[in-house]
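2 protein chains.
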Amino acid sequence: MGDFITMPKLGMTMTEGKIVKWLACEGERIGKGDSIFEVETDKTSLEADALTGGVLLKIYRKEGETVPVNSPVAFVGEEGEMIPDVGNETVFQEENTAPGQQKQACDYDLIVVGAGPGGYVCALRAAQLGAKVAVVERDMPGGTCLNRGCIPTKAYYESARRWREVWDCAQFGIEIQDASFHWERVLERKNGIVDRLRIGIETLLRKNGIERINGNAVIRKADTVEVDGKTYRCRHIVLATGAKAAHAVATAEQLQTTDTVLDMGQLPDSIAIIGGGVIGCEMASILNAFGVRVTIIEALLRILPAMDEEVADCLLKEMRKNGIEVLTGTTCKSITKSGEGYRVVLEDGQEIMPEMVLEAVGRVPECAAFEGLGVELSPEGYVKTDEWMRTSIPTVYAIGDVNGRFQLAHAASAQGILAAEHMFADQKPAAMEMVIPACVFAELEIACAGITEQEAKEKGIPVKVSKFPYSANGKALAMGAGKGFVKVIADERWGEILGVHIIGEGASSLIGEAVMAMRCEATADAAGEAVHAHPTLSEALMEAFLGAGKGALHQ
Amino acid sequence: MGDFITMPKLGMTMTEGKIVKWLACEGERIGKGDSIFEVETDKTSLEADALTGGVLLKIYRKEGETVPVNSPVAFVGEEGEMIPDVGNETVFQEENTAPGQQKQACDYDLIVVGAGPGGYVCALRAAQLGAKVAVVERDMPGGTCLNRGCIPTKAYYESARRWREVWDCAQFGIEIQDASFHWERVLERKNGIVDRLRIGIETLLRKNGIERINGNAVIRKADTVEVDGKTYRCRHIVLATGAKAAHAVATAEQLQTTDTVLDMGQLPDSIAIIGGGVIGCEMASILNAFGVRVTIIEALLRILPAMDEEVADCLLKEMRKNGIEVLTGTTCKSITKSGEGYRVVLEDGQEIMPEMVLEAVGRVPECAAFEGLGVELSPEGYVKTDEWMRTSIPTVYAIGDVNGRFQLAHAASAQGILAAEHMFADQKPAAMEMVIPACVFAELEIACAGITEQEAKEKGIPVKVSKFPYSANGKALAMGAGKGFVKVIADERWGEILGVHIIGEGASSLIGEAVMAMRCEATADAAGEAVHAHPTLSEALMEAFLGAGKGALHQ
Chain A
1 MGDFITMPKL GMTMTEGKIV KWLACEGERI GKGDSIFEVE TDKTSLEADA
51 LTGGVLLKIY RKEGETVPVN SPVAFVGEEG EMIPDVGNET VFQEENTAPG
101 QQKQACDYDL IVVGAGPGGY VCALRAAQLG AKVAVVERDM PGGTCLNRGC
151 IPTKAYYESA RRWREVWDCA QFGIEIQDAS FHWERVLERK NGIVDRLRIG
201 IETLLRKNGI ERINGNAVIR KADTVEVDGK TYRCRHIVLA TGAKAAHAVA
251 TAEQLQTTDT VLDMGQLPDS IAIIGGGVIG CEMASILNAF GVRVTIIEAL
301 LRILPAMDEE VADCLLKEMR KNGIEVLTGT TCKSITKSGE GYRVVLEDGQ
351 EIMPEMVLEA VGRVPECAAF EGLGVELSPE GYVKTDEWMR TSIPTVYAIG
401 DVNGRFQLAH AASAQGILAA EHMFADQKPA AMEMVIPACV FAELEIACAG
451 ITEQEAKEKG IPVKVSKFPY SANGKALAMG AGKGFVKVIA DERWGEILGV
501 HIIGEGASSL IGEAVMAMRC EATADAAGEA VHAHPTLSEA LMEAFLGAGK
551 GALHQ
Chain B
1 MGDFITMPKL GMTMTEGKIV KWLACEGERI GKGDSIFEVE TDKTSLEADA
51 LTGGVLLKIY RKEGETVPVN SPVAFVGEEG EMIPDVGNET VFQEENTAPG
101 QQKQACDYDL IVVGAGPGGY VCALRAAQLG AKVAVVERDM PGGTCLNRGC
151 IPTKAYYESA RRWREVWDCA QFGIEIQDAS FHWERVLERK NGIVDRLRIG
201 IETLLRKNGI ERINGNAVIR KADTVEVDGK TYRCRHIVLA TGAKAAHAVA
251 TAEQLQTTDT VLDMGQLPDS IAIIGGGVIG CEMASILNAF GVRVTIIEAL
301 LRILPAMDEE VADCLLKEMR KNGIEVLTGT TCKSITKSGE GYRVVLEDGQ
351 EIMPEMVLEA VGRVPECAAF EGLGVELSPE GYVKTDEWMR TSIPTVYAIG
401 DVNGRFQLAH AASAQGILAA EHMFADQKPA AMEMVIPACV FAELEIACAG
451 ITEQEAKEKG IPVKVSKFPY SANGKALAMG AGKGFVKVIA DERWGEILGV
501 HIIGEGASSL IGEAVMAMRC EATADAAGEA VHAHPTLSEA LMEAFLGAGK
551 GALHQ
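Those sequence lines, one after another, are chains A and B. First residue of the first sequence: 1, per UniProt numbering; consecutive thereafter. First residue of the second sequence: 1, per UniProt numbering; consecutive thereafter.
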């Protein structure tokens, strides 16, 4: 997708500039950083550089014209690409008005729709870069992640971990005669943490001068956001509306989703969880620790289908060992109410009678707010974006779950930062290929980044695979955490690290090192030669790196 | 320190080579990789490259001479440097003998003296590179680290952590009515872990064909190691003899050291720990958790004097809050037996009456085994080494505590690998400046790498310092671990990360990422722009990186 060249803001007080001379002509290929036209302001004259390379497809403004700062003067792209007609586009009329008028017509530089981890982070970064920003949110700031996802489950996870440890402390020299578990306090603690973090976000928004608009946004034009009847004009819009729980099971009954299950007043005796993905596994592990009988029903042949197979297998064994029933390769034929609970009939005829049913079958994009806008969608209904998160309307960006790239809070945040910097930073950020880690907090902790062994095979990449077990790591043994392993996938030809998959204690803290190594394009040897403190869990990572290179030491 | 140029082994079967022509002359400056002489073997003729740069100070072997592989043919160094006389050096006679004789005269390519984390790792790496290796050890393999240091304390640390959690679980929804703690089981568990890891090392040595020689080594010549009357000849020796507890307190009484305190049959009611360094703080935290009344006596004005001041202060506050008495800036005037315990009189007149006294005032190098060898020592008694860990006798290396560079197990291992690769790898390793992390496992976990803020000031390096609190990290709050912070020191001019100091949950797992970033010479911005999974503790590191660069998001 092409990019506009706009009149640069060359000084604090510059509002417009005169195009003195074009240094390139239409059809010419220009490189990033090439001088492409001479600008004259009231103070100075300078050459403006191209911020992107490509073919100069269109020059909108002639020599001698005076153009407001940030208005498009040319369009750069690849041959055959459609050239936007800025004269007739609503979105550019705004930018083409004189600066005085602009102030009046435009309430904000940016309106972000949705205050989840994508939206609020994008707003923060944009404000840090000097933009006037508003965020529209119909619910609580923090989005699914803070209110109905990552944070609540992690709060529960810690209670689950400690409650498990109560029953596994004899080997550590501790004897517990009597202990009890109180769900209402777990719930209360979770609410306290969520409130505290939400207040943190609200404070950050306020401190950064970001306006909060509460209500339902409706977007029909690329420069206008309506919220409960009031209209706000803006230069840019970021769609960060997220996703909502999908319903895949044909039933008349009202099943639990993650929106509701995290706030249940009391724990059920038993639960059937439909879906063995990340959410299903995390909920199963937590509830199992709290004494709930859990059955997972997964349509595919294994749990965590997107993750490394050995990692998923290792978790599966641990879940089953701890009493979770995991049924794979089967789906629900019918779910009906039955007494205090449900009757779930599976395709294979098996019947289970859980007190509660949780549907965790994935999420679908939340596009209601901008149905009338006409941004291009993928066949699955996600907003299509380019590498800087721009939609088919160049001043409208879409970040996070709604663009379907990843369903991960931190990916949304990273996209929000990228979009903000693309809109407002002096130097446009490179649209690099990011290494996006993913974590699962279940019976064992999982963290991974990059490709799996299976993916490498499918893509025909020759790889060297190395695995190092936690059971050979001194710190893991000292912690009583000898379960799990670190697996490194490196390119057989150059040694480059392509994927790292960790299952075991502290995985989510260790993956950062792997991401850093991959981001720096370190070879497995170079990463393994970094000195790792002893005794630490990170030595397992070191050994796995070396194993994919010149050879592990302790194996 | 200069370096020999030796006859290279240019093929699997090559045993000697003829110097056809010198391509450089004495006094000439040569660069690493420059061709310096032409070699002719029975198979081929080639140019030999310099593996180090410098001035070609001496040519030992004339054109036309045939020289065994690995024998010195020239010496490269800096002007004015002493040129070793290889003709008269015992150590080179070995290498100058013809290959047939060599086999007979030389029992091993390498004898490593000491099987601690430096020695056994060095032996493993050397064996992996094809060397015939023996390790001499008078005690148990694993050294201080495994038997009387890192591992035992980490096993205790886990019991301590869990016992502390027993009394802090109400907020997590858990109520414990009655619990008891059993020291003998803690001891037993520790012994089990140490045994298991020791067996692991023994297995590794065996698997790699490394010979174990049990007994006291005596080294008088650079190619001979005597063990209990038996003599072994070798081409290289690595001194990995470690260090032993220092005694700094003038007293006639037998005080505990870390050699003895970790195996005590029962816990005392109270203990005075002399020394507030890493060992003192770790032991204080463990024993305090187990209910022992602890007093630390530190001569300097603060604990952990080598660490970042704010980090040490944060730990000090936490220790005091948990009931550890910490006396700084004072020393012991006298220690005498008194009833079941001791009477400790301090310089300021204060008296304490602990049941036990532990001296943790540092360690001194263990040089007894090679007193007669004549390697050069520093004024403090450490073996002087060059950047590849070679002593003043070029075929004798010294690694780990005995060379006084660091008193850290992983530094010893890294040095062992470096030495092994310098001796036996086809490509000599670069003597890079390694980033060496250090960890402390006390009331809070500490991990750091690189310089402190104070060091930067002393060295006049302009730095940008950034701190991010655990209390603003969602995962930390979810874990009930909101104490501590991450501090990043970056060069103000180029943004390069110079130091990272972490105190708080999981610090020892997080520091690996910081080391990786520093090793890759990432700027604070580049490190902070890496995508960090949410919610994880590593986000605190990310924010601190950004804070030392373009600005933290959540602050």
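Be aware that a few hints might be false.
Stated by the list, open to error - With a cut-off of at most 27 Å between alpha-carbon atoms, the simulated DSSO-like pairs for lysine-lysine come out as follows:
(1) K483/A x K43/B
(2) K43/B x K21/B
(3) K32/B x K550/A
Claimed, not checked - Pulled from the structure, derived: some chain B residues nowhere near chain A, Cβ distances all over 12 Å:
(4) L51
(5) E158
(6) E165
(7) A179
(8) S180
(9) A411
(10) A449
(11) K459
(12) G460
(13) V515
(14) M516
(15) K550
Note that these hints are calculated values from the structure, not bench results. Yeah, the Cβ is synthetic: ideal placement off N, Cα and C, and Gly gets one too.
Evaluation of the provided hints:
1. Annotation: proposed proximity of K483/A to K43/B is violated, straight-line Cα distance about 53 Å (limit 27 Å).
2. Restraint check for K43/B and K21/B: the C-alpha separation of about 17 Å stays at or below 27 Å, so the hint holds.
3. The suggested pairing of K32/B with K550/A holds, with an alpha-carbon distance near 24 Å, which does not exceed 27 Å.
4. For L51/B, the requirement that its beta carbon stay farther than 12 Å from each beta carbon of chain A is met, with the minimum near 19 Å.
5. With a least beta-carbon separation of about 5 Å from chain A, E158/B fails to lie farther than 12 Å from that chain, contradicting its non-interface assignment.
6. Distance to chain A contradicts E165/B as a non-interface residue, since its nearest Cβ pair spans about 6 Å, not more than 12 Å.
7. Distance check on A179/B: its Cβ comes as close as 5 Å (rounded) to a Cβ of chain A, failing to clear the 12 Å threshold; non-interface status is violated.
8. With a least beta-carbon separation of about 5 Å from chain A, S180/B fails to lie farther than 12 Å from that chain, contradicting its non-interface assignment.
9. With a least beta-carbon separation of about 7 Å from chain A, A411/B fails to lie farther than 12 Å from that chain, contradicting its non-interface assignment.
10. Against chain A, the non-interface label of A449/B is violated: not every CB pair exceeds 12 Å, the least being about 8 Å.
11. Here K459/B stays apart from chain A, with its beta-carbon at least about 22 Å from theirs, past the 12 Å limit.
12. The beta carbon of G460/B is kept farther than 12 Å from every beta carbon of chain A, the shortest such distance being approximately 27 Å.
13. Listed as outside the interface, V515/B is inconsistent with that label: its C-beta sits roughly 5 Å from the nearest C-beta of chain A, within the 12 Å cut-off.
14. For M516/B, the condition that its CB be more than 12 Å from all CB atoms of chain A is violated, with the nearest at approximately 4 Å.
15. A beta-carbon of chain A is positioned within 12 Å of the beta-carbon of K550/B; the least distance is around 8 Å.
The structure shown violates the earlier hints numbered 1, 5, 6, 7, 8, 9, 10, 13, 14 and 15.
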